[in-house]
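Residue numbers (our numbering), protein chains in the order written: chain A, 1 to 114; chain C, 1001 to 1114.
No wet-lab data here; the hints were simulated from the structure.
Accuracy of the hints is not assured; some may be wrong.
As the list claims (entries may be wrong) - With a straight-line cut-off of 25 Å between C-alpha atoms, the simulated SDA-like cross-links for lysine to any residue are: (1) C/Lys1070 with A/Lys71; (2) C/Lys1073 with A/Lys18; (3) A/Lys18 with A/Ala100; (4) A/Lys71 with C/Ala1098; (5) A/Lys65 with C/Thr1005; (6) A/Lys57 with C/Lys1055; (7) C/Lys1070 with A/Ala100; (8) A/Lys57 with C/Lys1070; (9) C/Lys1055 with A/Pro95; (10) A/Lys65 with C/Ala1001; (11) A/Lys71 with C/Lys1073; (12) C/Lys1055 with C/Pro1040; (13) A/Lys57 with C/Gln1002; (14) C/Lys1078 with C/Thr1027.
These numbers come from a predicted model, not from an experiment.
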Amino acid sequence: EAQVTQNPRYLITVTGKKLTVTCSQNMNHEYMSWYRQDPGLGLRQIYYSMNVEVTDKGDVPEGYKVSRKEKRNFPLILESPSPNQTSLYFCASSPGVSGANVLTFGAGSRLTVL
Amino acid sequence: AQTVTQSQPEMSVQEAETVTLSCTYDTSESDYYLFWYKQPPSRQMILVIRQEAYKQQNATENRFSVNFQKAAKSFSLKISDSQLGDAAMYFCAYRSPAAQKLVFGQGTRLTINP
Chain A
1 EAQVTQNPRY LITVTGKKLT VTCSQNMNHE YMSWYRQDPG LGLRQIYYSM
51 NVEVTDKGDV PEGYKVSRKE KRNFPLILES PSPNQTSLYF CASSPGVSGA
101 NVLTFGAGSR LTVL
Chain C
1001 AQTVTQSQPE MSVQEAETVT LSCTYDTSES DYYLFWYKQP PSRQMILVIR
1051 QEAYKQQNAT ENRFSVNFQK AAKSFSLKIS DSQLGDAAMY FCAYRSPAAQ
1101 KLVFGQGTRL TINP
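Make a model of the complete structure from these sequences and hints.
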């Protein structure tokens, strides 16, 4: 089944404890992206990648890092999480960067930072 | 920068009735793509419908249709014969032809009353 897989789905952590949210897609998509969803703000882009070893900042990149060493994987790293990073996170992918391409989303990861 | 506005945080409708969700956007581009996504309680982001700005004909997918008014920069979603399974958060989104992201509205929570 074509899909984007995120793990963990739920995580509670404490301030300052490094964590990684993994994202993997099995559709050979070139483009991958991370979003965070907060009430009243919709989804906002954190980082994106157009291909292996090519990543760039989105609208809200502060406090996050990403890497794209393989085409299928695009992990989101929180080096020192803070409570304002408590949010619902989505990974998404599409065949290319053209606006005509439809994004396929993962199931979301609910992160709570105490 | 493009912005998307959903002015109705919450809407409700009786089962089997018709409901319209509003979305406006701001852009200086002439070519772009618009989307409606559904997010049920499972949190999964599900594409409902897509509209290409260069197409004058309004997109339709079964009970879902849009009213695309390019000059007014309006993109409303009409749900006919509402069903209990339509209850969800609905997001309107915009994407430029070569843009690296979707720009989302704030979302509208739709409740279906039996």
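Problem set entry | Numbers of the earlier hints that this structure fails to satisfy, in rising order | 1, 2, 3, 5, 6, 8, 11, 12
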